[in-house]
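Asker: Start from the sequences and build out the full structure, keeping to the hints where you can.
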Amino acid sequence: MLQLNYIKENKQATIDGLKRKYFKNAEETVETLIGIDQKRRETQAELDGTLAKSNALAKEIGGLMKEGKKAEAETAKAQTAELKAQSKVLEENLKTLENDLYEVLVTMPNLPHASVPEGRTPEENVNIFETGAIPNLPENALPHWELIKQYNIIDFDLGNKITGAGFPVYKGKGARIQRAMINFFLDEALAAGYGEIQPPILINKDSGFGTGQLPDKEGQMYHATADDLYLIPTAEVPITNIYRDSILADSDLPVKNVGYTPCFRREAGSWGAHVRGLNRLHQFDKVEIVQIRKPEESYQALNEMVEHVKGLLNKLELPYRILHLCGGDMSFTSALTFDFEVYSAAQKRWLECSSVSNFEAYQANRLKLRYKVEGKTQLLHTLNGSALALPRILAAILENNQTPEGIRIPKVLVPYCGFDMIS
RNA sequence: AGAGAGAUGGCAGAGUGGUCGAUUGCGGCGGUCUUGAAAACCGUUGACUGUUAAAGGUCCGGGGGUUCGAAUCCCUCUCUCUCUGCCA
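With the numbering used here applied, the first sequence covers 1 to 423.
No wet-lab data here; the hints were simulated from the structure. A virtual CB, placed ideally from N, CA and C, is assigned to each residue, including glycine. Warning: the hint list may mix true and false statements.
Quick list of in silico lysine-lysine cross-link-like pairs, DSS-like style, CA-CA up to 30 Å [what the hints assert, rightly or not]: (1) Lys-205 - Lys-95; (2) Lys-19 - Lys-39; (3) Lys-39 - Lys-11; (4) Lys-149 - Lys-161; (5) Lys-8 - Lys-88; (6) Lys-11 - Lys-217; (7) Lys-11 - Lys-95; (8) Lys-95 - Lys-217; (9) Lys-411 - Lys-256; (10) Lys-161 - Lys-315; (11) Lys-88 - Lys-69; (12) Lys-77 - Lys-53; (13) Lys-69 - Lys-53; (14) Lys-88 - Lys-59; (15) Lys-84 - Lys-69; (16) Lys-149 - Lys-348; (17) Lys-348 - Lys-376.
Each pair of labels, with its calculated beta carbon distance range [as the list claims (entries may be wrong)]: (18) Tyr-22 - Asn-127: 32 to 40 Å; (19) Asp-157 - Leu-253: 44 to 52 Å; (20) Asn-127 - Glu-374: 38 to 46 Å; (21) Glu-27 - Gln-378: 24 to 32 Å; (22) Val-373 - Glu-267: 40 to 48 Å; (23) Gln-378 - Glu-103: 25 to 33 Å; (24) Glu-139 - Lys-315: 42 to 50 Å; (25) Glu-92 - Glu-123: 47 to 55 Å; (26) Glu-98 - Pro-200: 29 to 37 Å; (27) Ala-114 - Gln-283: 32 to 40 Å; (28) Gln-300 - Asn-140: 42 to 50 Å.
Answerer: Below, the structure written as structure tokens:
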């Protein structure tokens with residue numbers, strides 16, 4: 001959530017930022033917001049005055065009762081009725097105004113960082129880095145959905161039987177390479193100074209709100225209605241919400257956490273022609289890194305996280321590129337996002353395998369995640385990134401490393417797998 | 001799942017209708033003392049809102065109610081603990 005004070009003090013910058021995110025009716029929204037706030041403050045002031053009178057009167061009555069001046073107390077009591085009626089009305093007005101304010105505020109996305117490229121669609125994202133040789137596969141190279149059948153390592157039909165589409169069953173070396181990647185990613189994060197977390201994978205409404213999934217993306221999460229809990233779409237939600245409603249001490253900072261979890265996404269309405277095999281799933285595994293930083297350090301932390309993800313892909317010897325997302329393609333809550341895409345050589349497609357973002361104070365404001373600086377509380381900045389999401393990495397490994405003898409396992413994973421070929 | 005107890009400031013823990021935003025202890029911060037530290041002593045120490053600064057207002061798990069006045073009484077929801085049951 002944006003900070004009301006910021007909006008008021010930086011009206012034009014807010015409008016410009018909203019426009020860069022292709023938010024409709026930026027001016028009207030900001031004007032409406034400021035209008036409601038003005039009204040709200042007036043009402044609040046009026047209510048405060050009425051309450052102050054009531055409080056004073058109540059104390060007076062207390063004093064009179066103690067002194068045994070019953071008659072005078074009764075007179076004073078009579079005066080309170082009108083104040084009470086007044087404050088009741090004011091309270092209701094205030095509630096309505098606060099609600100209106102909230103309704104507008106939650107529809108407003110985070111503002112993009114100054115460096116965010118202009119643009120509306122994924123095509124306008126800026127390719128800022130590309131590395132690794134694109135493998136030259138023979139004509140008869142197979143896409144990963146054929147390879148997994150050939151080597152019998154992932155079974156979609158079985159998943160379909162047990163659960164439904166998008167819930168694959170990993171078998172044999174397929175299951176083992178998954179476990180190997182998880183351990184590799186976690187070890188790399190530990191070496192980079194992240195603390196390991198194993199969070200719950202069901203979250204409540206407050207947590208969903210804190211990181212911005214609710215109320216906006218309610219339909220994208222699986223909802224366990226009997227207990228009103230949601231399956232996490234990413235470990236970002238529980239790991240960031242650890243710090244909801246807290247004021248961190250200097251000694252707690254910076255917070256650097258990593259966690260492996262399965263992730264669940266309904267992906268309602270996003271199934272199209274090129275969604276095959278591992279390209280898009282309802283359940284997948286991901287290792288996520290989360291940082292909580294002082295505002296002045298957060299962009300340095302973002303770079304650090306980008307470098308970390310680069311390191312992983314380099315070690316896996318996969319070709320990849322980094323996109324600086326344009327304003328229109330960034331998520332609702334993000335101020336700056338870098339997407340990592342790995343090249344899957346048989347499909348001849350770039351597949352997103354990581355998204356690294358700085359949310360600045362947007363999530364922190366919802367989370368009430370603060371720290372103290374010179375006695376004053378201030379919002380912190382939250383960041384997160386996938387490091388990495390497994391299925392598309394696996395797809396790229398399978399496709400890029402296919403040989404007549406089988407699939408070659410990247411060297412760095414061999415000790416984790418216990419084998420160097422899938423054949 | 002059944003029975004009982006409980007939820008108060010960073011933690012522990014008082015407070016059952018009236019100057020209680022809350023006694024006290026620990027912790028934290030500042031100071032005195034000390035070469036330095038510890039101990040001791042003195043002071044200070046919740047959040048949100050509001051104002052140029054004040055004043056003022058709100059918050060004792062959440063929501064609602066009674067009352068001139070609620071941490072304290074009533075209703076309701078949630079959660080925690082203990083015992084019994086069940087169970088990886």
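Asker: The structure should be examined with respect to each hint, and the outcome stated for every one.
Answerer: Now for the hints, and whether the structure bears them out:
no., hint, verdict
1, Lys-205 - Lys-95, "22 Å, holds"
2, Lys-19 - Lys-39, "26 Å, holds"
3, Lys-39 - Lys-11, "18 Å, holds"
4, Lys-149 - Lys-161, "16 Å, holds"
5, Lys-8 - Lys-88, "29 Å, holds"
6, Lys-11 - Lys-217, "27 Å, holds"
7, Lys-11 - Lys-95, "25 Å, holds"
8, Lys-95 - Lys-217, "26 Å, holds"
9, Lys-411 - Lys-256, "28 Å, holds"
10, Lys-161 - Lys-315, "36 Å, violated"
11, Lys-88 - Lys-69, "29 Å, holds"
12, Lys-77 - Lys-53, "12 Å, holds"
13, Lys-69 - Lys-53, "21 Å, holds"
14, Lys-88 - Lys-59, "20 Å, holds"
15, Lys-84 - Lys-69, "23 Å, holds"
16, Lys-149 - Lys-348, "20 Å, holds"
17, Lys-348 - Lys-376, "53 Å, violated"
18, Tyr-22 - Asn-127: 32 to 40 Å, "21 Å, violated"
19, Asp-157 - Leu-253: 44 to 52 Å, "49 Å, holds"
20, Asn-127 - Glu-374: 38 to 46 Å, "42 Å, holds"
21, Glu-27 - Gln-378: 24 to 32 Å, "29 Å, holds"
22, Val-373 - Glu-267: 40 to 48 Å, "41 Å, holds"
23, Gln-378 - Glu-103: 25 to 33 Å, "26 Å, holds"
24, Glu-139 - Lys-315: 42 to 50 Å, "30 Å, violated"
25, Glu-92 - Glu-123: 47 to 55 Å, "50 Å, holds"
26, Glu-98 - Pro-200: 29 to 37 Å, "31 Å, holds"
27, Ala-114 - Gln-283: 32 to 40 Å, "38 Å, holds"
28, Gln-300 - Asn-140: 42 to 50 Å, "48 Å, holds"
Hint violations for this structure: numbers 10, 17, 18, 24, all remaining hints satisfied.
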